Amino acid sequence: MMQPFETHTGIAVPLIADDINTDQIAPVAAMRSLKPDYKALLFMRARRRDDGSADESFVLNQPQFRNPGILVTGHNFGAGSSREAAVWGMLANNIRVIVARSFADIYRENCLQNGLLPIVLSPSDAQAFEQRVIAVDGAAPFTVDLRAQRISGPGGGDIAFDIPATDRIRLLEGLDDIGLTLKHVEEIASWERRTAADQPWLQVARDCRA
Amino acid sequence: MPQTLFDKIWDAHLVAPRADGRELIYIDRHVLHELHAPHAFEQLHKQGRPVRRPDLTFSMQDHTVATQPGRDDNTNPSGAAFLRAMREGSRRNGIRLFDISDPEQGICHVVAPELGMVLPGATHAVPDSHASTVGGLGALAFGCGTSELAHILATQVMALKRPKRMLIRLEGSLPAHVGAKDVALRLIGDLGVSGARGYAVEYAGAAVGAMSIEARMTLCNLNIEMGGRSGFVAPDESVFSWLAGQPFAPVGAMWDCALAHWRTLKSDAGARFDREHVLDTSALEPQVTWGTNPSQVLGISARVPDPGAAADGRRPVLESALVYMGLAPGMALADLPVNRVFIGSCTNSRLSDLQAAAAIVRGRHVAEGVIAMVVPGSTSVKRAAEAAGLDRIFRDAGFFWGESGCSMCAGGNGDRGVPGERCISTTNRNFEHRQGSNVRTHLASPQTAAASAIAGRIADVRQLGSL
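For the record, the sequence lines run as chains A and B. Be aware that the first sequence starts at 1, since it is given in the working numbering, and climbs by one per residue. Be aware that the second sequence starts at 1, since it is given in the working numbering, and climbs by one per residue.
Hints may be right or wrong, so weigh each one.
[As the list claims (entries may be wrong)] To give a feel for the contact side, a few chain B residues facing chain A, derived at Cβ under 8 Å:
no.	residue
1	Arg18
2	Leu56
3	Ala85
4	Glu148
5	Ala154
6	Gly227
7	Ser238
8	Phe240
9	Ser241
10	Phe248
11	Thr264
12	Ala410
13	Phe431
Don't read these hints as lab results, they were simulated from the structure. Model, not experiment: these values are computed from the prediction. Positions of the beta carbon are idealized from the N, C-alpha and C atoms, including for glycine.
Extracted from the complex, chain B is given alone in its bound form (with noise of 0.2 Å):
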């Protein structure tokens, strides 16, 4: 019987069903960070359980960690905790660690596929929603919580139900600067917040094979802001030739059993999905969210939505989510004015996000009052892009141009915006007071992020020579 690529993983990880019927799946990696493992280290220690397989763990500090310059342990003074009980706890259990000044640090779901760590087929888990970010190379990622984190540790495995399966196929091509980020946002426009709940997704199409290694991560970095635990791409040359010679990637002999394997996985012709979504982006527009849940997003060129016009039981939502944001129905999202901006995070700080950035800035200069700030996924991210001088043309144009981390995207390591600022922020949640007290974020790509802080106020990167 034809296979999804998905059950194939699956399968090929099923260690046994454990009695009270879940399936026990084999984790071949597992990274962790320091907001939410130092409880489980705690935990293990208590009940004096060691690690099962620390030479497939490890460890980054990127929640909590300062941007600025020259930063320690001491900078974020309420991050010091973690770092070091992050420290300590990787210590005792024999787990590398990509401590805060390591010259490969960073946000987990970069540093894990730049070093080589992901491996296509292979199976990936973090104590955060946004670990399917690694589907890109078609690995099978799951987000988990802290028991299960502590689980893992333990066995090496989780104890999963097999989700459904679906399948979004993006067919078309992408307009020019329509990236990733806004057929992400788009699909959680059309399919909602728990559209994807329940399901592995794998993202097919003309528009995914078109799309750069790092454009599929953040396509999938995104897939739990529909619901979806676990999302991924069907491994390609292109894939291939991304993890030759990184550094935790196998060599010789093995690469070439490993090459020749990762070549089989696709999912079969006539493999059967449990539901299956088309969007075609030829005509897709960059987009921006308007409200405070990423599925409440429109076209650049659209106005704010009428709550009037809406079903009896949505209504209350879109009036609350107005009130929240400052807006009123049929305002335009194009002008309306910016006091932040904020370019980084898992979803959009890998270095062709950069690059699309820095086109957008290069030769001009950030709106008067504007705060703008670019926050390098990784701390090899940082320095290519300052070997392309990059940082020169953020830096001359009035960005902020920090150390690698998390930063402003859940605001763990103390960047904020200040109450009653517009930010625009190419982050994944524009949940309320996620930014900051009161701060109205508004997702967006990278090049319509750049393009806003240049203009002051959210603008049509498609329009810059009305700048």
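So that you can see chain A by itself, here it is in the shape it has in the complex (with noise of 0.2 Å):
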């Protein structure tokens, strides 16, 4: 069940870049296992040269960044696959918030369903934040207020941000997904009902060769 999301104080991590995909995210080669390790998996391509040691020039293998709270990036940040492994990954290293200047809209889907705040500020914040956090470096904490749609910490004043009320709601209280649209579950059945009998095509699946 998804653990309710109120408020989340980390470490900041710029990767300020447009278009990061999934591939990059989480790589189908760190996927060979049906429990693979997501904290490890994240990024996996990035943070190694291709003999293996480890790149110290990717901010995530920075000393200052090895603890990160909160990812903040750029543009259509998820595109490409649906896979949720590049949403697990981030959890698995405790980054519950990213700040992006927009999201693919199957990767933020993802988020919403697994208790990581995705945000998008401003244009004008979004910058401000930015420099904010490329000018702390790690060196101190921000936080992020989802009841009071506050971003705070070093560097300035609190940033506001939006996020539509239901999806502000589903976070704030964990809520059951499935559960939710079960409450819906007699509707679901006159749809049902009422489709058999209007296009009964749309309710019958069968092998005619059966």
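Both chains are sitting in their own frames, so use the hints and assemble them into the complex.
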């Protein structure tokens, strides 16, 4: 069941680039078992040089970012595959907030499904926040308060953020998405009965050779 | 008020608004694969939740299956656990499984339409971003993650926010040797990798109408590469004849009723779209990607771009793509030597794709030192290709002819290139390391890939005489 999200405090990691895709976040090559090491899988490629040694130039390998809490990134974050490992890898590293210029649709949904808060700031706030994150360079944490819809931390005043009310409540309460839908089970059954009468081919998927 | 086809299908599947404001959309067909479904099966098992409609759900083994002849569960050792978990989860929940040895096994996006599980005006979900492939038949499809997959299994609905609508009109005709893959790549190049984010895309226009059903599937397959979750073509008579007689399609009186309904499935004249985009395909060249995302694409006669000429903000991205790809500004795309050629994937592995490639390969041979593979999209496609003698054409030319699966598209089955190789591939993503560590992927059509295999370099299929 999803962990409710109230506030999260952690080191903000600047990974300022656009179009970071799920093959970068969680490579298929790292998913060779049903239960891979999600912590190690996150950005596995970028973390290592071709000879296998740690690439210290990659931000998550730098000492001040070894215990991340918040990822700060560019446009269209999470493009590509629908693989949810790209969110599970974040959670395994205690990254429970991603502040991006924008998110790919399926990735954003996968975040919400797992209690990871996806934040998009206004362009001017985003730029200011990125500069603060770069300037503090992991020396002090930021706090994200979902109830108050504010980010606070070093280098300036609080930054307000918008999030659709429905997504906010779902995260705050850690709502069980399936349970929420099953409250409508009568309406689902009634849709099925109506469709079986009006468009019966939709309610039957039978192999006519059988 | 005039309505778009998207809105008609959406409204017809709207079960109820949920308490949190999302809309519950009924899913008519749900197709699973073994890379993601086992986790959802386990989740439901722990929660003690049954699968609501196993009769509308199908399981495929595709992402991790080996392609070697005579394969079994262990041919790709890392796939065995996925295959077994899929088998067990499907059995426990009463879901029909197209297992590794099934005569109709294959890639979920290829098998579902060819068996008639996909119907015009129906909704369709797959835990895979290329779900909208089946939009080629006029179905509204949604790619989804593992949690959403579990949600659909338990409820048969998705909780969604209504997307905006985009119309892409493809005007004009398609030149010889230019097909749906080239059109789709050009669109991604023009609109960008997030150009369709937040939209359901309807493809229309003369060039779409002239496309075969399989070509329309290629077009819709690549919709996600510009960020669009759903993309489709309004169904026409060619779709209905394609579907008629397929095993899971309706029969008899039900077929007649369905057909009468399907003929009404179109956007009304004057329906409003939130965005419209027009591409005239008449002068389109074969397209090849040069970079590390599908929008970094050019016509085959173009030269590698110069980051110095780009706006400041874009320069580092272009420079880094050039470094990864081992290219310099101004190099001609055609003539770049290739080490590996892959023809397959949900994008380009249907019979017409293999026929188009075979027509180029016939009587020729793969260039020395080039590793070339053809992996049919389904075991049915493989059988049909073999009946038509295509396997002989490929084998005689020096291609590997594999068993069906996703193979080198994402490399989840162990089919991967070796570091530094340049690979021309009919797949959908040229992301760094996707086809193997430091493999340099160029996306192209089956014809371009075939011509490049023969030439040993990226080749313009229109200039076959000079190969």
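Checklist entry - Which earlier hints can't be squared with this structure? => result Numbers 7, 8, 9 and 11, in rising order.
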